[in-house]
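Q: If you want the building blocks of each chain, they are given just below.
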Amino acid sequence: MAPISLRKLNKTYGALTVVHDIDLEIADKEFIILVGPSGCGKSTTLRMIAGLEEISGGELVIGGDLVNDVPSKDRDIAMVFQNYALYPHMTVYKNMAFGLMLRKAAREEIDRKVTEAARILDIEHLLNRKPKALSGGQRQRVALGRAMVRNPEVFLLDEPLSNLDAKLRGTMRAEIAKLHKRLNATFIYVTHDQIEAMTMADRIVVMKDGHIQQVDTPQILYDHPVNMFVAGFIGAPQMNMLTTTITRTEQGFAARFAGQDLVLPRHLDPRLIAPYEGREVVLGLRPEQFYERAPADIAAENLMEIETLVELTEPMGSEVHLGLTWSGTAITAKLSARCKAREGERLALAVDMSGVHLFDPETQRSLFAPEPVRREMAA
Amino acid sequence: MARKPLRLFGHRVHLQTVIAYLLAIAITIVMLLPFAWMLSASLKLDRDVFAFPIEWIPSAPRWQNYVDIWTRIPLALFIYNTTKLTVIVTLLQLFTSSFAAYAFAKLRFAYREVLFLAYIATIAMPWQVYMVPQFLEMRALGLNNTHLALICLQAFTAFGVFLMRQFYMSIPDELCEAARIDGMNEYQIWFRIMLPLSKPALSTLTIFTFVSTWNDFLGPLIYLTKTELKTIQIGIRMFITQYSTEYGLIMAASIVSLIPVLIVFLALQRFFVEGIASSGLKG
Ligand SMILES: Nc1ncnc2c1ncn2[C@@H]1O[C@H](COP(=O)(O)OP(=O)(O)OP(=O)(O)O)[C@@H](O)[C@H]1O
Ligand SMILES: [Mg+2]
Chain A
1 MAPISLRKLN KTYGALTVVH DIDLEIADKE FIILVGPSGC GKSTTLRMIA GLEEISGGEL
61 VIGGDLVNDV PSKDRDIAMV FQNYALYPHM TVYKNMAFGL MLRKAAREEI DRKVTEAARI
121 LDIEHLLNRK PKALSGGQRQ RVALGRAMVR NPEVFLLDEP LSNLDAKLRG TMRAEIAKLH
181 KRLNATFIYV THDQIEAMTM ADRIVVMKDG HIQQVDTPQI LYDHPVNMFV AGFIGAPQMN
241 MLTTTITRTE QGFAARFAGQ DLVLPRHLDP RLIAPYEGRE VVLGLRPEQF YERAPADIAA
301 ENLMEIETLV ELTEPMGSEV HLGLTWSGTA ITAKLSARCK AREGERLALA VDMSGVHLFD
361 PETQRSLFAP EPVRREMAA
Chain B
1 MARKPLRLFG HRVHLQTVIA YLLAIAITIV MLLPFAWMLS ASLKLDRDVF AFPIEWIPSA
61 PRWQNYVDIW TRIPLALFIY NTTKLTVIVT LLQLFTSSFA AYAFAKLRFA YREVLFLAYI
121 ATIAMPWQVY MVPQFLEMRA LGLNNTHLAL ICLQAFTAFG VFLMRQFYMS IPDELCEAAR
181 IDGMNEYQIW FRIMLPLSKP ALSTLTIFTF VSTWNDFLGP LIYLTKTELK TIQIGIRMFI
241 TQYSTEYGLI MAASIVSLIP VLIVFLALQR FFVEGIASSG LKG
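Protein sequence lines correspond, in order, to chains A and B.
Numbers 1 to 379, taken from UniProt numbering, label the letters of the first sequence in order.
Numbers 1 to 283, taken from UniProt numbering, label the letters of the second sequence in order.
Among the clues, some could well be false.
[Stated by the list, open to error] Straight-line distance between alpha carbons at most 30 Å, and here's what the computed DSSO-like set of lysine-lysine pairs gives: (1) B/106 x A/130; (2) A/132 x B/199; (3) A/104 x A/29; (4) B/106 x A/73; (5) A/132 x B/106; (6) A/94 x A/8; (7) A/94 x B/226; (8) B/199 x A/104; (9) B/106 x A/8; (10) B/106 x A/94; (11) B/226 x A/73; (12) A/104 x B/84; (13) B/226 x A/130.
[As the list claims (entries may be wrong)] Sample of chain B residues at the chain A side, in silico, Cβ under 10 Å: (14) 54; (15) 55; (16) 108; (17) 110; (18) 175; (19) 178; (20) 179; (21) 180; (22) 181; (23) 182; (24) 184; (25) 185; (26) 188.
[Claimed, not checked] Pairwise CB distance ranges (calculated): (27) B/96 x A/167: 47 to 55 Å; (28) B/135 x A/65: 56 to 64 Å; (29) B/96 x A/135: 35 to 43 Å; (30) A/56 x B/96: 31 to 39 Å; (31) B/148 x A/69: 38 to 46 Å; (32) A/111 x B/269: 52 to 60 Å; (33) A/13 x B/134: 35 to 43 Å.
Please keep in mind that the hints were generated in silico from the structure rather than gathered at the bench.
Predicted model, so just to flag it, every value in this text is computed and none were measured.
We put the beta carbon where it would ideally sit given N, CA and C, even for glycine.
One chain only, chain B, in its complex shape:
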C-alpha cells in the first residue's frame, strides 16, 4: 500500500507527506495574506491603499504614518488604558479561575457538581443577550464610564474555571492529601502545590484572556465614551471621521496594537501547546 518514497533534498519522503505540507503551506498563506495587506497598507498614503493591482511592497514606503499615529490621536494613552485593563483582568481571571477550579476539582461540598454545571452552562449564553440589562445594572451602580465596570465584568470567567478544573482533575488527589497530612491548609495547597503544577493551564488561560481582553471591542464601546478612558480598539476609530477614513493610519495603529499580543503569545506558546496536548490526553 505504501508508495515508493520520493527523494527530496536527499530525504526520503512519502507523497502523502508532500501533499499535506503543500496544503498546510497554502492555508498558511491564505491566513497570513490579510496581515500582509495590513502591513503593506500601513506604509501607504490613503489614496494608494485600495489601488489595484495591489502593490504589496510600496515603492515609496510612508514611514511617516508610524509617526503621525501618535500625534493625531492620543494613542499612547489608549495603549496605556488597554494595557492597564488587560493586565488587571488577566491577573484577576487567573486568580479567580484557579481558585474556584480548585474547589470544584479537589474539595468536597454539597451540590458541587450541580453548581459547577450551572456555572458552566453560562458559557452557552451569548453576551449579546444580556449586555443591555448588564449595562443598565452597571449604570445604576454608577460605574458607567469607568474602567472598573469592565474589570468587574471580566474578572470572572466560566471558561477559565472549566479549563483550570479540567487540569486540576488530572493532578492526583493523593498529592493534596499528602499536603494535608504535611500540615497545609487548603489555601496553602492551592498556592504551593496546585499553582506551581498548573503552569501549562495558567499559560493557556493567560493567552486566551490577554488576547480577548486586548482585542475586546464591544465592551469598551458600550462602557467607555470619554476619550481619556478609551482603549486602542475603539480609539483607532477616531481616524474615521464624518468626511474621511485614514486607512494608512488605521493600519499602522493596528500593527502597533498587535505587537503586545504577539509578544505574549510567543512567550507562552511553548506551555500553551503543551497544555492543549496534555488536556487532550485526559479527554
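For reference, chain A alone in the conformation it holds in the complex:
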C-alpha cells in the first residue's frame, strides 16, 4: 500500500522558488499525471518524490512514512527517464537485472523476473544486445522493464514518450496504461502532452509556475476548468476566450458580445452571475461547441445563431478546423468534415451555450469554481 502525500512541498534554488507549497494526495494504485507548460516544476516535483532532488520545505509521505530524508533506493520507487538512462556498457538483460543484483537477489529469482518482464514487454529477443543497438521504442521498453523487475510500489515516469514518433507514442500510451492495470502500482507521470494526460490519467494535476492550478479527473478538468489557464491548457484547439458584458434579459442572464445577447443556460447558478451584471466577464467557448447544423439533442433554448467570416480552413480528415472572425474577434471552430465552407465566405453557425465557461477577468477564475481554500483557514 503506497498512498503518497505531498504536504506544502517546496523547492528553492537560492532565492528562486520553483515549486510553491504543493499539496497533493495521491491514492494507492492511482495513475496521476502532472501536466503544465515547460519550466512549471513538473520534473522538479517528480524528482523530489524520487529523492533525486532535496526537498526544501514541506513533507513527503509515502505509505505512511515521512521520507523527506530517506535515500531514493529505500523509497520503494522506480523511475523511467526521458532519455531512458540505460547503462550503455551493459546488455539489456544486465540493465534490467542490475537493481536486483545490487539487492542481492537470488540468481534464479532475477532470471525469472527479467524473463517475465521481457515477455510482457516483448523484448525477449533483445536481452543480449547493448542499448546502442536498439531503436528508441525498444530502449523505452527496456527502461520500463528495468523499473518493473524491481516490483516497486510507485512508478515515476518523466516524459517517457517524448522521444518517440507519433505512431509509436500512441502504441506505448496504450501499453503503459495496460501495464498500470497489470502491475497494481501507483504511477506518477509527467508530460506536457495533453493527449497523454487525457487518455491515461485517473487524475490530472495541472501546474503553472510551480503552483498547482487544478487536480481532477480528465473529464471534470475538461468540463469544469477552475480558471482561464486550465481552460486554455486542456483541449485542442484551445478554448476561445471572448470579452463580454453580463446583461439581464427576459430569458435570464446573457453575455453581450458585439451587440448580440448570448443567453446563458439555465443550469448556471444565477446567484453567482448576478454580482457581475453590467460588468465584463470572459466567455469561454470550446471549438467543439460550434455547429453548422446543430444536433437534435441540444435544447433549442441553448442554441445561439452567430455570423462569422471564414479566414482559414484546416481539414483534419474526420473533421475540419476553421479559423473564423466573429465581429472582428478571431475564434476557432471544430466542425464535421462535411462542412464545405471556403476561405473568404460568410458562415452562419450555431453555438451550443450549454457548455459555456465564464471567468472573472481580474482573478481569471471561473465564476462557478469553488472558492480556493484559504491557507490561514485550513491551517
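Please build the complex by placing chain B with the ligands on the supplied structure of chain A, with the hints as guidance.
A: Showing chain B with the ligands alone in chain A's frame:
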C-alpha cells in the same frame, strides 16, 4: 571554383589534397629526422657519430653498442626503477583523477566550482617556481633519495582531474540518478558506471602520464642521487664522464628506453584519438 581534378594512380584527386599531403609528408620527415639520426648513431663508434656528411646507414653497424649498454651501467636496474615509478604513478593518477573528477562533475557540495577553479589554477604555476621549497619539504619529511618522494609528488594532477571531469560532464546525470535509484552508492556508481564508460579518457590520461613520468628528467635528478635508485633518463648520464661522452652508447640506451613508450602509445592510441575527438565535440 573547384579545379579540374588530377588523376593519380587511377584516383581522382584535387590539387589542394595533393599539396596538403606533400606538406604533411614534409613535416613528418622533419619530425622523424632526429629519431633516424639517433637510430643511426646508436650503431656507430663514438668517433663516427659526428662525421660529416652524415652516414645515415652505417657501413659497419656496431651492434656491440646494444650489448655494452647493459654492462657498462646498471641499465636493467634503471629500467626496473623507471618502470616501477611509472606504473605506480600512472595507476595512482588514474585513480585520484577519476575519483576527484567524479565528485567535481557529478556530486553537489558547497563551493564545488570555486574549489575546482582553485585546483585547476595550479596548472598555471610552473613547477620550477616551487620545486626547491617542495624539495626542502620532502627532505624534512625524510623522503629525500626515495622513490616514495616522486610517487607522492606525482600521484595527484590537476590536469588529470580536469581531463576526466570534462569527460564525465558529457555523461548524462540521469545515468547516475538511475544508478542511485537502482541502489548504488556513489563509490559503486564511480566504479561500475563511470569507469567502464570513460575508457577513452582513461586511455588519454594513461598515455600522457606514462610518457611524462617515463621521460621525467628533472624530478629524478633532484630527488634521486643514489645510483641504485636512478631512472633511465638520469642513468644514461653515466655515459658522460669528465673525459669523454659515449654518444653511440647514449643513443643505443635511448632507443631502448623509447620502446615501452612506443608500446603503450600504440596500444592505446585508438582510444586516445577517439577521446580527443569526442572531448573536442563537447567543447
Ligand atoms: N539546478 C537548478 N538551479 C536553478 N533553477 C533550476 C534548477 N533546476 C531547475 N530549475 C528551474 O526550475 C524550474 C522548473 O524546472 P522543471 O525541470 O521542474 O520544469 P518542467 O516542468 O519539468 O519543464 P519541462 O517540461 O521543460 O521539462 C525551471 O524554471 C528551471 O529553470
Ligand atoms: Mg521536465
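Q: Now look at each hint and say whether the structure bears it out.
A: The hints, checked one at a time:
1. For a cut-off of 30 Å, the pair hint linking residue 106 of chain B to residue 130 of chain A stands: about 24 Å separates their Cα positions.
2. For the proposed pair residue 132 of chain A and residue 199 of chain B, the alpha carbon gap of about 17 Å is at most 30 Å, so the pair holds.
3. The hinted pair formed by residue 104 of chain A and residue 29 of chain A meets the criterion: a straight-line CA distance of about 27 Å does not exceed 30 Å.
4. For the suggested pair residue 106 of chain B and residue 73 of chain A, the alpha carbons sit about 18 Å apart, so the restraint of at most 30 Å is met.
5. Taking the CA atoms of residue 132 of chain A and residue 106 of chain B, the gap is near 23 Å; set against the 30 Å cutoff, the hint holds.
6. As the CA atoms of residue 94 of chain A and residue 8 of chain A are separated by approximately 39 Å, the hinted pair breaks the 30 Å bound.
7. A distance of roughly 53 Å separates the Cα atoms of residue 94 of chain A and residue 226 of chain B; the hinted pair therefore is violated under the 30 Å criterion.
8. A threshold of 30 Å between alpha carbons decides the hint, and for residue 199 of chain B with residue 104 of chain A the separation of about 28 Å falls inside it, so the pair holds.
9. Taking the CA atoms of residue 106 of chain B and residue 8 of chain A, the gap is about 29 Å. The hint holds against a cut of 30 Å.
10. Distance check on the hinted pair: residue 106 of chain B and residue 94 of chain A sit about 23 Å apart at the alpha-carbon level, within 30 Å; holds.
11. Only pairs whose Cα atoms come within 30 Å are accepted, and residue 226 of chain B paired with residue 73 of chain A is rejected, the gap being roughly 55 Å.
12. The hinted pair formed by residue 104 of chain A and residue 84 of chain B fails the criterion: a straight-line CA distance of about 39 Å is larger than 30 Å.
13. The straight-line distance between the Cα atoms of residue 226 of chain B and residue 130 of chain A is roughly 54 Å, outside the 30 Å bound, and the hint therefore fails.
14. Hint on residue 54 of chain B is violated. Least Cβ distance to chain A is approximately 52 Å, over the 10 Å limit.
15. Given hint, residue 55 of chain B at the interface with chain A, is violated; its Cβ is 54 Å from that chain's nearest Cβ, farther than 10 Å.
16. Using the Cβ-Cβ criterion of 10 Å, the hint placing residue 108 of chain B at the interface with chain A is satisfied: the shortest such distance is roughly 9 Å.
17. Taking 10 Å as the C-beta contact cut-off toward chain A, the hint placing residue 110 of chain B at the interface is violated, the least distance being around 13 Å.
18. The restraint placing residue 175 of chain B at the interface with chain A holds, with a minimum CB-CB distance near 5 Å, inside the 10 Å limit.
19. A cut of 10 Å between beta carbons decides the hint on residue 178 of chain B: the least distance to chain A is about 4 Å, and the hint holds.
20. Annotation: residue 179 of chain B was flagged as interfacial toward chain A, and the flag holds, the nearest CB pair being 8 Å apart, inside 10 Å.
21. Checking residue 180 of chain B against chain A: minimum C-beta separation of about 5 Å stays under 10 Å; hint holds.
22. The beta carbon of residue 181 of chain B comes within 5 Å of a beta carbon in chain A, closer than 10 Å, and the hint placing it at the interface holds.
23. Proximity of residue 182 of chain B to chain A holds as hinted, the smallest CB-CB distance being about 4 Å (cut-off 10 Å).
24. Taking 10 Å as the C-beta cut-off, the interface hint given for residue 184 of chain B holds, the closest approach to chain A being about 6 Å.
25. Satisfaction of the interface hint for residue 185 of chain B is found here, the shortest Cβ-Cβ separation to chain A being roughly 9 Å, below the 10 Å cut-off.
26. Residue-level restraint check for residue 188 of chain B holds (minimum Cβ-Cβ distance to chain A is 8 Å; threshold 10 Å).
27. For the hinted restraint 47 to 55 Å between residue 96 of chain B and residue 167 of chain A, the CB-CB distance of approximately 50 Å keeps it satisfied.
28. In this structure the supplied range 56 to 64 Å holds for residue 135 of chain B paired with residue 65 of chain A, their Cβ-Cβ distance being about 59 Å.
29. The given range of 35 to 43 Å is respected by residue 96 of chain B and residue 135 of chain A, whose C-beta atoms sit roughly 40 Å from each other.
30. For the hinted restraint 31 to 39 Å between residue 56 of chain A and residue 96 of chain B, the CB-CB distance of approximately 34 Å keeps it satisfied.
31. Taking 38 to 46 Å as the suggested C-beta distance range, the pair residue 148 of chain B and residue 69 of chain A conforms, at roughly 43 Å.
32. For residue 111 of chain A and residue 269 of chain B, the Cβ-Cβ distance of about 41 Å falls outside the hinted range of 52 to 60 Å, so the restraint is violated.
33. The beta-carbon spacing between residue 13 of chain A and residue 134 of chain B, approximately 41 Å, falls within the hinted interval of 35 to 43 Å.
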